[in-house]
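Chains as they are written, first to last, in the working numbering: chain G, 1 to 332; chain R, 1 to 399.
Worth flagging that the hints you see were computed from the coordinates, not collected in a lab. Quick caveat, the model's predicted, so the values are computed rather than measured. One should not assume that every hint holds.
[Stated by the list, open to error] Label pairs and their computed distance ranges (CB to CB): (1) G:G188 / R:A52: 38 to 44 Å; (2) R:V69 / G:L238: 53 to 59 Å; (3) R:G189 / G:T152: 28 to 34 Å; (4) G:L238 / R:E104: 46 to 52 Å; (5) R:P39 / G:K236: 16 to 22 Å; (6) G:N196 / R:R111: 16 to 22 Å; (7) G:A52 / R:V193: 40 to 46 Å; (8) R:G41 / G:N176: 52 to 58 Å; (9) G:G74 / R:A245: 22 to 28 Å; (10) R:I82 / G:V279: 46 to 52 Å; (11) R:W246 / G:G188: 23 to 29 Å; (12) G:N196 / R:G173: 37 to 43 Å; (13) G:A144 / R:G24: 47 to 53 Å; (14) R:E67 / G:A144: 37 to 43 Å.
By construction, the Cβ of each residue, glycine as well, lies at the ideal position given by its N, Cα and C atoms.
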Amino acid sequence: MAGLSKIILQRLLLGIATLFAVSIIIFIAVNALPGDFAQSILGQGATPEAVAAIRDQLGLNASPVTRYLKWLGGALQGDLGVPMSQALFQSFAGASTGGDVITVFDQIVPRLKNTLFLAGVSAAIAVPLAVTLGILTALYRNTAFDKAMNVTTLSAISSPEFFLAYVLILFLAVLNPVFPSLSNIFPGMEFSDRLNKTMLPALTLTLAVTAQMMRMTRAAIINLLASPYIEMARLKGLSPMRVIVKHALPNALAPIITVIALNLAYLVTGVVVVEVVFVYPGIGQLFVDSVKIRDIPVVQACCLIFAAVYILLNLTADILSIVSNPRLRHPK
Amino acid sequence: MNALIWIIGGLIAMLGAAWVFRLGAQKATNNKPYFRDLPLGVAFGYVFAAVALTFSVWYFFQPRAVEGVPQAGVIFFRWAVIGILGFAAASWVFRTVFRTIGTEGSKKLFRSMPLTAAFGIMMIIIYAFVSIFAGLIAPYGQEEILGAANVVAGGDPALGGDPEFPLGTDQIGRDILSRLIYGAQNTVGIAFVTTCLAFLLGGTLGFLAAVLGGWLDQLLSRMVDALMAIPSLIFSLLLMTIATAWAGSEAWLVTIYMIFIIAVIDSTRVFRLSRAVGQSIVVMDYIEAAKLRGEGLGYLIFREILPNALAPLLAEFGLRFCFVFLTIASLSFLGVGIQPPKADWGTMVRDLSQFINFASFAPNVAVTPLLAAGAIALLTVAVNFVVDWMLHKSSGLKE
Chain G
1 MAGLSKIILQ
11 RLLLGIATLF
21 AVSIIIFIAV
31 NALPGDFAQS
41 ILGQGATPEA
51 VAAIRDQLGL
61 NASPVTRYLK
71 WLGGALQGDL
81 GVPMSQALFQ
91 SFAGASTGGD
101 VITVFDQIVP
111 RLKNTLFLAG
121 VSAAIAVPLA
131 VTLGILTALY
141 RNTAFDKAMN
151 VTTLSAISSP
161 EFFLAYVLIL
171 FLAVLNPVFP
181 SLSNIFPGME
191 FSDRLNKTML
201 PALTLTLAVT
211 AQMMRMTRAA
221 IINLLASPYI
231 EMARLKGLSP
241 MRVIVKHALP
251 NALAPIITVI
261 ALNLAYLVTG
271 VVVVEVVFVY
281 PGIGQLFVDS
291 VKIRDIPVVQ
301 ACCLIFAAVY
311 ILLNLTADIL
321 SIVSNPRLRH
331 PK
Chain R
1 MNALIWIIGG
11 LIAMLGAAWV
21 FRLGAQKATN
31 NKPYFRDLPL
41 GVAFGYVFAA
51 VALTFSVWYF
61 FQPRAVEGVP
71 QAGVIFFRWA
81 VIGILGFAAA
91 SWVFRTVFRT
101 IGTEGSKKLF
111 RSMPLTAAFG
121 IMMIIIYAFV
131 SIFAGLIAPY
141 GQEEILGAAN
151 VVAGGDPALG
161 GDPEFPLGTD
171 QIGRDILSRL
181 IYGAQNTVGI
191 AFVTTCLAFL
201 LGGTLGFLAA
211 VLGGWLDQLL
221 SRMVDALMAI
231 PSLIFSLLLM
241 TIATAWAGSE
251 AWLVTIYMIF
261 IIAVIDSTRV
271 FRLSRAVGQS
281 IVVMDYIEAA
291 KLRGEGLGYL
301 IFREILPNAL
311 APLLAEFGLR
321 FCFVFLTIAS
331 LSFLGVGIQP
341 PKADWGTMVR
351 DLSQFINFAS
361 FAPNVAVTPL
371 LAAGAIALLT
381 VAVNFVVDWM
391 LHKSSGLKE
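Just chain R, with the same shape it has in the complex (with noise of 0.2 Å):
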């Protein structure tokens, strides 16, 4: 209740300071049009930013430890504001190389290109070349137990860290860095094969409804709807429940049946985006034309409207890997996903994460779960960023 009341006079505190700002201004600048129509609450919008910035430089640099407890709430600030300024500085520096080097079109797409887009790229990048190379990158294997358990990140000794593991190592001695970096290779990898499946199996019978039309069209529309009926979380649930009871005692299975079981159910969205884009495109002249010249349903198809459908069916592959990896990730903090002891990031987060208890006196030890998270986190809001930019792009909206 005291902190309520705290906030609600803080804020009361801005909005006459804003008052008084607004005021000022108009009195200092000689009533220019800008103050003069100035709203309230966009003085009060200032106010609140200054005062916003002021409290973070404040507390950016508040003593890390006071008489040799640390400071967790002022570490954590600190690891956060340096991680945010850290990926913008980078994406700067990536965005302004490559506005000198490279092609043409290139360079000119990365003119006009913003920071989130050149940010969400340079991840991607990153993300595949770690997914590709994690063998080369990786200081141990993923399955290797070594000697020491739970030696904590930092590889400082006096705080029980160790310099040979920089993350430490989980509750059997298995090293953290190494596990994050194969967790690229298998939750990634997993996903994007998946993804493509979907797509393969989604875009097929969606422009094969689409240029067949009749009973097909139909037929495979009424199913897509009854299985887009049932919330795709649940069902895949529901259907890990027997793929697992299929697998029995061989891990591997469960994670070809899931694949298998998230392609289907994401190809149904597929299906109706293929669909109702192949529908725009077979009315159109050109179609018409190769229909009379006689080519066949393949030319048709792979020739005439994919490549006309290029465009939104890529924004839409950006968002379904999306979707799919959070699903796969979903399952696997569940505990019914990619099985062990292959490294996976969501079994990572559910397996770690009662460090988290441990974040007031020893950040070090509680930020191993949120890295996995993390990482989850990082990749699918880099490829949101790029998705968001593609479409606003496309869309040719100014405002």
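The shape of chain G in the complex, shown without the other chains (with noise of 0.2 Å):
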């Protein structure tokens, strides 16, 4: 078991180093931009001593390598500045005010929670769905149930989500209004008002995320079919269901669980188009809005954000499924 540790360790430090890489990226990227940055906040019009104060405000005075690593040591104990709408108040106000200052935490939280909240309602309804649909096309391959659902499946990845989003409020909010068509979720709501409201943006998610992971599903089950064991359990005269779900799918498990996890993070990064369909207030409605006013620490804290749990949920599929091979686990 040592060695399996070490790997883990390995692939952690791999993430780790990863997400420094990453850091950097966003940051030169950031300050590829044109001109000032106080300029830039101000405008044409502003006067040299307003463009001073959010100079030294923002410490942009400072090399740009001092900033990098100011920004990012603030950003590992959750400070990721000031907005620059917050900025520009301060600037025509006077002095900093300090104390009750908006930061950009402050922001990205509760947003942060809404949005985990949407990707778990949605992992909740579509994980089950993919597993159990996989599991019977199957069973049932090149049949017609099997054939229908591939074409339906296929057609559900390749559409783009905000036409799956207003397919699913044509139907499901405004010929039949069974589910709200927007999703003003504010804090202290009910569970179940909540989650009802929640429920379009979750089955736009649920469409676009199910058919990858069924068609895994069901490509990893029917590539174990043709293994000695499987003959075996047949001949045993087990009937086909049992076949498939107690000698095949724990063996399919590693590719199953790596696709779900891949979609995961898939949930989280992808979700930005979805709450903007649905004005669902989460991180992603706040990045768009953000790259909109082009307020750039929101931008680069929501940057830093995404590619975290990305490259989190990534790690977790390759180390689950290293966790779940012998041949990986034990390598030559």
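Take each chain as given, in its own frame, and dock them per the hints.
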């Protein structure tokens, strides 16, 4: 087992190194903004005093390396800076007001919770559905049911999310008012109310991710069906369902787990469009809004968080696939 | 809650019907092996399919308007069914035609082709045709502002339509049909150029890394690893923020920057694939022979490796194209992609999306945002069908 913990430790270090590299890329990209940072906040008509105040406040006079280290150090402690909209307000109001400043951190945390809730609800629907459908299509492979599922899922993966979202709005919110088409979530809501309002975005995401997981489950099971032990199970007279669930599924688990983890990563990062369609107050919506008004500290922070979640889930997929596969667990 | 009880009750009733159906079939056929060994689940599937089919046919023939009030559900259902059946019939005709005309090879190809792949090829040809000849087909210009704004689709003057504009006009009076046609040119054209660029960049670097190996391979691979660790839509949104700042007031520059940004982000995926494929080819004997003959790097890459890597790269090209196309559509939908006044499907969906709320009393109004979104979906679905068929064929899987 020493080998296993060594591999996991290696992967973890690799993940941290990747995150470090990503933070450098984000920092360089943001610093490629043209002209003076402070000037771009205030626009052309800014007085030199205001520009100097902002430069001072944002620490823009230091060298890029110091600024990077400061940003990274702050990010590690949960201090992601002040949104530009706030900085702008303060520069007009005079000196820094201190105390009751809304930081990027305060802005992001409740929205990140909302996004994770949405991703959680979608995953809770999508994963059992995908695995069940995968087993069923493997069981009844090459029947009309299998072919219909194949066409449906392929269409669902390839459609853009906003198309799926508007079709769902059309049928489940406008024509048959089952769920609300706007997800105005606010703190202190009843859980059932919240679930009801999250349902349409969650269903859209479910449509987008189920297909891939289902196709992978089906392929992983079918790959195993030519193995001698499956033949043996069949010859001793087990029912097809039992052969697949008891004998094929445990051995097909590694690729299935990997694809589930990868799709969860997609769920957390792919929510941007869905959140915008349903006006869901998640981190994706915040990201797009900040992109539009070029609120750089928020964009930077959101980007880092998305990348961290993405790397973490990819890492989990990697480690789980090693843990569940003896051949990778004991490399030659 | 009431609906949930109905659904569960209906499913239980169908399960009962399935049990009765199996018992009846066993009695009627004197216990034929098929019915004797029929699992209840399969019987349930038959009953479910029969119920769904009956319901669809019944619903299809419901009246489209009751006492002057349009039944939007029925109308949308009819459009969907007619659309699906129409496309299926068209692709069947397309396949049948190409089974009889063309060269021996193409005839053989079409004989073994599933209907989905025929549909895909037909749609790709139609899209290519429309996007190349958009200027000739479109009745009006894409930026032309015509007399009447917010004309309803359908061309029926009683409902606020106009036969001059079969799909209506948008909020500032541009013809939607023309914009859809020009959208094919802009959106598909830009996506195609971007994908080609991504393949040029990623493919060249990937093959170079595979052939040369060593520190170049290490450097490029680690860079690609770092770039791929950022989710691509997020990364492109970040870079687009900076690009719009660089472009300033010149909107066309944003589009140029977008092409390069997405091409670079997507070339990382192409790099991975071409490097992997290249590495498995580099160890072949004929590469060794070519090296011993003293052939140069260019010859090795373009005359030895590329022809042998063409099949997987072609399938990847289809998938990448879909991905790029969807990314561009999403960016435009979010408002940072292709800039107005150029017609583009993503922007059209965003601009027209609020009309969907009128669906229950004016189905003709609600259909316009879905047309633009559907145009995107149709093309990506078509490409995916073709790629799926190609991969299935080349993998030689029978099961």
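Hints, verified against the model:
no.	hint	verdict
1	G:G188 / R:A52: 38 to 44 Å	holds, 42 Å
2	R:V69 / G:L238: 53 to 59 Å	holds, 57 Å
3	R:G189 / G:T152: 28 to 34 Å	holds, 30 Å
4	G:L238 / R:E104: 46 to 52 Å	holds, 47 Å
5	R:P39 / G:K236: 16 to 22 Å	holds, 18 Å
6	G:N196 / R:R111: 16 to 22 Å	violated, 52 Å
7	G:A52 / R:V193: 40 to 46 Å	holds, 44 Å
8	R:G41 / G:N176: 52 to 58 Å	violated, 29 Å
9	G:G74 / R:A245: 22 to 28 Å	holds, 24 Å
10	R:I82 / G:V279: 46 to 52 Å	violated, 33 Å
11	R:W246 / G:G188: 23 to 29 Å	violated, 43 Å
12	G:N196 / R:G173: 37 to 43 Å	holds, 39 Å
13	G:A144 / R:G24: 47 to 53 Å	violated, 22 Å
14	R:E67 / G:A144: 37 to 43 Å	holds, 40 Å
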